[in-house]
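Enquirer: Below are the chains, spelled out letter by letter.
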Amino acid sequence: MSTALTQQEALRYIRAKIDQLLGVMGTLPLRPEELDDATLLEIDPIGIIADSFHQVIAHLNETNHRLSLATGEIRTILDTLGAAVVVLDSNDRVEDCNRIAIEWFFGGAARETIIGQAANDVCACADAIADIRQIADRSSHNANLHGRDVQIVASKIFDENGRQAKTVMLFTDITVQKETERSLRLYSKIFRQVGEGILITDAETRIVEVNAAVSDILGYSREELIGAMPSSLKSGLHDQSFFAELWRQLNTHGRWRGEIFDRTRDGRVIPLLQTISAVRDGDGRISHYIAVMADISTIKERQARLDFLAHHDVLTELPNRLLFGDRLDHAIDRVRRDGDALALLFIDLDRFKNINDTLGHHVGDQLLIQASKRLKGLVRRADTVARLGGDEFVVLMENGASRDAADSLASKIIAAFKQPFLVGGNDVHIGCSIGIAIHPADGTDAITLLANADAAMYRAKDVGRDSR
Amino acid sequence: MPMAQTIDLDIRGQICPSCLLLTLKELNRHAAAIRGGGTEIVVTTDDRQATATIPSTADRMGFRTEVSRLDGGYRIRIFGTG
Numbered sequence: 001m002s003t004a005l006t007q008q009e010a011l012r013y014i015r016a017k018i019d020q021l022l023g024v025m026g027t028l029p030l031r032p033e034e035l036d037d038a039t040l041l042e043i044d045p046i047g048i049i050a051d052s053f054h055q056v057i058a059h060l061n062e063t064n065h066r067l068s069l070a071t072g073e074i075r076t077i078l079d080t081l082g083a084a085v086v087v088l089d090s091n092d093r094v095e096d097c098n099r100i101a102i103e104w105f106f107g108g109a110a111r112e113t114i115i116g117q118a119a120n121d122v123c124a125c126a127d128a129i130a131d132i133r134q135i136a137d138r139s140s141h142n143a144n145l146h147g148r149d150v151q152i153v154a155s156k157i158f159d160e161n162g163r164q165a166k167t168v169m170l171f172t173d174i175t176v177q178k179e180t181e182r183s184l185r186l187y188s189k190i191f192r193q194v195g196e197g198i199l200i201t202d203a204e205t206r207i208v209e210v211n212a213a214v215s216d217i218l219g220y221s222r223e224e225l226i227g228a229m230p231s232s233l234k235s236g237l238h239d240q241s242f243f244a245e246l247w248r249q250l251n252t253h254g255r256w257r258g259e260i261f262d263r264t265r266d267g268r269v270i271p272l273l274q275t276i277s278a279v280r281d282g283d284g285r286i287s288h289y290i291a292v293m294a295d296i297s298t299i300k301e302r303q304a305r306l307d308f309l310a311h312h313d314v315l316t317e318l319p320n321r322l323l324f325g326d327r328l329d330h331a332i333d334r335v336r337r338d339g340d341a342l343a344l345l346f347i348d349l350d351r352f353k354n355i356n357d358t359l360g361h362h363v364g365d366q367l368l369i370q371a372s373k374r375l376k377g378l379v380r381r382a383d384t385v386a387r388l389g390g391d392e393f394v395v396l397m398e399n400g401a402s403r404d405a406a407d408s409l410a411s412k413i414i415a416a417f418k419q420p421f422l423v424g425g426n427d428v429h430i431g432c433s434i435g436i437a438i439h440p441a442d443g444t445d446a447i448t449l450l451a452n453a454d455a456a457m458y459r460a461k462d463v464g465r466d467s468r
Numbered sequence: 001m002p003m004a005q006t007i008d009l010d011i012r013g014q015i016c017p018s019c020l021l022l023t024l025k026e027l028n029r030h031a032a033a034i035r036g037g038g039t040e041i042v043v044t045t046d047d048r049q050a051t052a053t054i055p056s057t058a059d060r061m062g063f064r065t066e067v068s069r070l071d072g073g074y075r076i077r078i079f080g081t082g
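Protein chains in written order, with full-length UniProt numbering: chain A, 1 to 468; chain B, 1 to 82.
So here's chain A without its partners, still in its complex pose (with noise of 0.2 angstroms):
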């Protein structure tokens, strides 16, 4: 058999080679039909194909090198990357994960020793992420792995059969984000519970927020004192220079704190203990001012009820020893001064003891009362009527004082004490007895002029009881 081939063989074979090529190409076979032996010959189709092929192996090393590039952009992305990302496989598998993932679900293995392992044999959170990847839609979810919580994003990747070929998870570490979260919470809750009042306002001193203790306290609404300006809440009490020491202090030292009167809506004027600070922003700027009050009406209260029980008679609520001592001071140095007259009345209420014994405590005290009371009402308003203790009470008199004026006086009380008093549905009777000492012929200082009202009072008792 001859091995020499036949043109026509020759041709067959070239065709079959041509078509072969084609087929590679993606297109139908040479039909002789369409391109006859010598123009197949003339256009050299396998020259085109393989210079076409060279193209396409050149385009391919191209896209190659391009792709490495790629690739190593990616990792490096990837690896510099703030957040977690791990890719796993239909079968859970790890096809990739960065360095941060290594870090975090990998114990710090090499990426070798994890790419191509089961999720369940290389990370303790294999449960999680799988869970995860079975509800990956590309909205984030939120977890905790390893304590960290964790905001994940999870997104299928398709093949081109629209197959699920893969997952690409990224895990963003939120727990600073949390925590500021959880903050924010506390804070607002405090805000919004604290039972002193907390007034914002922006630089230009515009109310921002106020908390419920602040309408509590001033009487307006949260929407009402929104947008309005503190000034709005002023009582009148204060002068200009009240304000321009605050503002000084504001400005010198960003707090200022101390008592302010407010009014409320409904007009009432109440004291307001107040820190105000000055809030500054990045750039030093202030940028809010934080007002912290608290309404001290009922402290402000009891402090003057203290102050009036310190100085009073619980009783009678007459001036006590102490506070008158304090007034017969300053009489006697206005008298010394001006050279005029003062007189004391030193009365003891008479058989008030058999009253106590008899009667009861009660009935007594009542009758301490309605005797204050009757005396007071004989007396000038510049005239001082205090309880020394006892059944035991003084009158100072005061401007143009002299003895026929005490003496006079002291004729008033007796005869008004000889009345009865009703006390409890009963008509008590005593009387009283009274001694008169005059500045300066009986004294001139309080100590002798007491002394010697005690001792002319005692006397005008030896004398008789309603005498002087």
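Just so you know, the hints here were simulated from the structure itself, not pulled from any lab data.
Computed footprint of chain A on chain B, listed as stretches where at least three residues anywhere in the stretch have a Cβ under 8 angstroms from a Cβ of chain A: (1) 13 to 23; (2) 26 to 36; (3) 55 to 66.
Far from chain B, some chain A residues (derived; all Cβ distances over 12 angstroms): (4) SER183; (5) HIS330; (6) GLY400.
Given the structure is predicted, the values throughout are model-derived calculations rather than measurements.
By construction, the Cβ of each residue, glycine as well, lies at the ideal position given by its N, Cα and C atoms.
With chain A fixed as given, assemble chain B onto it according to the hints.
Expert: Just chain B, lined up with the frame of chain A:
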């Protein structure tokens, strides 16, 4: 961007694979110029299959193509990515 040179290749009346071979022959000849971005080949054909085979092969070679319909045929524009 207008091309510095447009090479028109009218292969109406031809059917694949001749369409592909004639286009590839022209493409091989001007490959460097086309890749450089200043030259393009505009193929006019009335073979529908050529609108699939020519863009597919040109794409594998790293060229970009645009196919548009003409009255009674198709226009396949082949140009570089540069």
